[in-house]
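Undergrad: Given next are the chains, with one letter for each unit.
2 protein chains.
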Amino acid sequence: MSKNLTKRAEDYSKWYNELVVKADLAENSAVRGCMIIKPYGYAIWEKMQAELDRMFKETGHQNAYFPLFVPKSMFEAEEKNAEGFAKECAVVTHYRLKNDEDNPGKLKVDENAKLEEELIVRPTSEAIIWSTYKGWVQSYRDLPLLINQWANVVRWEMRTRLFLRTSEFLWQEGHTAHATKEEALEETEKMMHVYADFAEQFMAIPVVRGTKTDSERFAGAEETYCIEALMQDGKALQAGTSHFLGQNFAKAFDVKFANKEGKQEYVWGTSWGVSTRLMGALVMTHSDDLGLVLPPNLAPIQVVIVPIFKTEEEFNVISKVANELVSQFKKLNISVKFDNRTTHKPGFKFAEWELKGVPTRIAIGPKDIENKTFEVARRDNLTKEIVSSEGVITYIATILETIQNDLFSKALHYRDTHITEVQNFEEFKDVLDHKAGFVSAHWDGTEETEEKIKELTKATIRCIPLNNSLEEGFCVLTGSKSTRRVLFAKAY
Amino acid sequence: MSKNLTKRAEDYSKWYNELVVKADLAENSAVRGCMIIKPYGYAIWEKMQAELDRMFKETGHQNAYFPLFVPKSMFEAEEKNAEGFAKECAVVTHYRLKNDEDNPGKLKVDENAKLEEELIVRPTSEAIIWSTYKGWVQSYRDLPLLINQWANVVRWEMRTRLFLRTSEFLWQEGHTAHATKEEALEETEKMMHVYADFAEQFMAIPVVRGTKTDSERFAGAEETYCIEALMQDGKALQAGTSHFLGQNFAKAFDVKFANKEGKQEYVWGTSWGVSTRLMGALVMTHSDDLGLVLPPNLAPIQVVIVPIFKTEEEFNVISKVANELVSQFKKLNISVKFDNRTTHKPGFKFAEWELKGVPTRIAIGPKDIENKTFEVARRDNLTKEIVSSEGVITYIATILETIQNDLFSKALHYRDTHITEVQNFEEFKDVLDHKAGFVSAHWDGTEETEEKIKELTKATIRCIPLNNSLEEGFCVLTGSKSTRRVLFAKAY
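Chains as they are written, first to last, in our numbering: chain S, 357 to 848; chain Z, 357 to 848.
Take every hint as true, because none was put in to throw you off.
Chain copies aren't distinguished; within one or between two, either way the pair holds.
DSSO-like mimics (lysine-lysine), calculated; alpha carbons at most 27 Å apart, straight line: (1) Lys687 / Lys403; (2) Lys470 / Lys443; (3) Lys693 / Lys546; (4) Lys837 / Lys810; (5) Lys712 / Lys490; (6) Lys403 / Lys413; (7) Lys454 / Lys607; (8) Lys378 / Lys612; (9) Lys470 / Lys454; (10) Lys693 / Lys616; (11) Lys705 / Lys676.
No lab work stands behind these hints: they were computed from the structure.
I would like the entire structure built from these sequences, with the hints used as guidance.
TA: Structure representation (C-alpha cells):
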C-alpha cells in the first residue's frame, strides 16, 4: 500500500508510475506501449467523458463515428499532416491468417491476403473525416458542421508511459467545417475555452491558455491553441489543443460550398481534442505521498464509510447506521461505499481508500453510536473532525464542495508561484535548474533560437499566453529585440 | 425523400439500404466494408448504449478498456477461438511510413519498421483479456471479475451491409471470470435475459431466447445463448449472444485461483456482446414505406413541432406558442424540436420527419391558435387527432408510451404469427417459400442434417428455444427420432 509507494521528493517519475498501478488506474499490457485501463481508472475517465460530452452538446456539437482505418492514399492527401504523423503509423497490410503447416496449432499471415492498398490505423481522423465532408457539403446551408467523435487512436511511440504517452489512447476529436474564416477561428478559440473551463472547474487543474509556436503546431494546422497545466514537479503538461485548420484540409479533399451568391468557396476547418492523457494530469496535479487525491467531481467514490468494531454485535449495530447513511447519500447523488469487509482491519482500509483518493471518509465505532457523532476525515489535507450524526450528510455535501475548491486554489497557488519572469539566460537556466515551473521570457521569435534553447536546457515554448501584454524586451538567448514574453518549461 | 424510397414489397433489401442512408443513419466510407455512423444514427446508438450501460452496472459490472491489438502468439493461444476468427483478421505488420522517393509527396511503408511479431486488430477480446486476468486472479477472493468494454472491433467481411455486417463495428463485450461452473452458467443466462429485456422493453423488438447448436456456437465457447428477432421480411436476425466459455480460456492462458481450501483451480468464464447490428434490427423491425419508425425510447427527437404559416406575423405568433411548448416538453425530459426553418414548406417538413421516424408531430397554424387546438400526428400508425392546446403536453407524454407499447405488440403479433410448426420437409420448404418466418421443426440433432437442410433451403437453426417442451417426433429431413423442436429460419 502507500507504505511501499515511492515518495515524490525521492523520484517523482517513479512515484507516478507506481501510483497509477497501485491505485488500480491502469497497467501495461503485453502489447508494446498499449495500456489496460482498469475499472477504477475507467470510472474516472467516464466521468470526464460525461462532462465533456455535455459541454460539447451544449455548444451545439453532435457525435458521430468514422472508420478506424485510413487508406494510405487518403492519409497522404494533406501532406503536412501526413508527414507529421508518418513516423508513428501502425499499418495494416493483410486481412487474413492461415494455419502454419510447419507449426501445428499456430497461425501465420496469409500472403495471398495482402491488401491492394495499405490501411493506416488512424493517428487522428482529419483525413477520413474531410474526405467524408466532401459528400456532406454543397451549399452554405450545409454549414457549419459541428461534429465530435469518441474514439481510440494509435501513434506508435517509442517511449511510453501510462496515460501520458501510449501507443493506443482514447480521446475525443472534434472536427468542424465553416463558411468563413472568422467563424472557424471563433470555434477554435471557443473549444479551447471549453477545455480550459473543464480542466479548471471540473478537474481543479488551473491552465494557461495560449497558442503554440510554428514548430509546436499541429501538422496541417495554421494555428494551434492549447491549454497548459503545471505538474507538481514543475514540468508542464499540454492538456488539450484546438486547431484552426484554415482551408488546408478543404483544399486537400476538395471540400467546397456554394456561398449565398452561388460562388464556390473552400470550407474553413477546425479540430480539437483531449485524451486519456488528462488522467495523467489529474494524478500529477493533486496526488501526494499517500496516494491519489481526487477532486470530488471526478471521484468514483466520494465518501467511504469504515466501521470500527470488535464484536459481531457491534458490527451489526454500526451496519444499520451505515446503511441508513448510504441511502441518504444516494438520494443526494453522492456516491458512497460502505466498506463492510470483515476480512480487513480499519487501518488497512484507511490506507487503501487514501491510496485510491476517496475525498472523504466516515469512521463509525461503538463510541460514536453512543455519542451520536462520527469521525470525518478529508483526504486532501488529512484533517479529521468530529461531526454530529444528525448533521453528517450536510457536512459531507458541504466539504465535498470545499475540497473541490481547495484543490483548485492549492494548484493555482503552486502554478502562480511557479511562473517566473527572467531577464537573461543565466536566470533562465537557474530557474529551470533550481525552481522549475514556467519561465516567462522574451524570445526573438525565430525557430532557431527556440531549437537552441531546447538543446541547451530541454525547455520548450509551451505557449504564447493569450493574455500576454505587449512589452519591449530582448531575447534571453540572442539579445535580439522582442515584443512579448512567452512561457518556457520542461514538459511531459 | 420518401417518394423516392423503394417500397418494402418491391425489394426489401433495397428498401433497407436506401432508408439507412436517406434517414441519415449511416453511409459507406472509402474504406472497404467500414461505415460512417452519421450524427442522427449515432444519437440512437448513444441511447442504446446509455440504457445497456445502466443495465450492466445495475447487475454489478464495471467498464474497463483493453488494447485494440492482440499479438499473434497470444491470439492463437485458444486454438478454437483463433481458428474461428483467423480468416477475418486485419493484421498490422509495420509501424512506420516514409517518404516515397519515386513519388514526391507520397508515402510508403518503411520496410525497416517491420514488427517482430504481427499484431491482430481485435475481432473480439477474449485473448487479450484472459491474458490480463491471469495477473488479476490469485484467490477466490478476487472472483468474480465482472467487466465490460465498449469498443470497436474488426472482422474482415467479404460482403458487407450497413449496420448488419461491417468490417469494423462498435459493440460492447462483457468478459467475466468465476470460481464455479454454476456461477458462470448463471451469469451467461442472466446476460442473455438482460439483452432480451433490453430488446423487448427498450427497442420494442420481441425476441426468442435460446441456445445455439454446435455448429453455430461461438468459437471457443461450450454453450452460446442467443436472442433471435424476426424482421418484417420473415428473416431472422441474431440480436445478441452470451457465451459460457467453460475453462477453455482459463486453460489457454493459465488463469488459476486458490479456492477456499487452498487448492488451485481453473477459473470459469463467460463473454457476451451486442453491437451496432442492433441498429439494423431496429430499422427492419418497425419501419415502413415512408421511412423510419422509431420507438419513443430510442428517438433522438420524440416530438417535432411544425408551424403552418403564410405571413411573418403568423410565424411570430406561432413561434411564441411553440417555444412555450418546447420549454414545457424539456421539463418533462421529452426531446423536442421546433422546426422553424423558413426555407422549407410544411409538406416537405412532414415528409422529412416521417422519413426520420419522429414518433409524434404537432402542427400549429393560425386557425389552431384561434381554436386553442393543435393537430397531433402519430408516426407509427399515421393517425391524426385534434387536441386542446392545454392538454397537449400530457397527451404527447401519454401517446409516447402508447406508441412504445403498440410497436412492441405489433412486432410481437407479426413474430408470433410467423412461427410455424411443420411435420415434414414438404411443409418445411413450403413455409420458407411462401410465408417465411421461423419454422418450428423436429431435427435429429446431427450436424450433417443441419448442413443438408441449409444446403437445400438456406435456412439454419436459429436456436433451440429455452422454453421448448420435450415432444416426441421425427426429424423433418431424415425421419429419425427427435425429442424436441428447434427453430429454423433464413437469417441475416
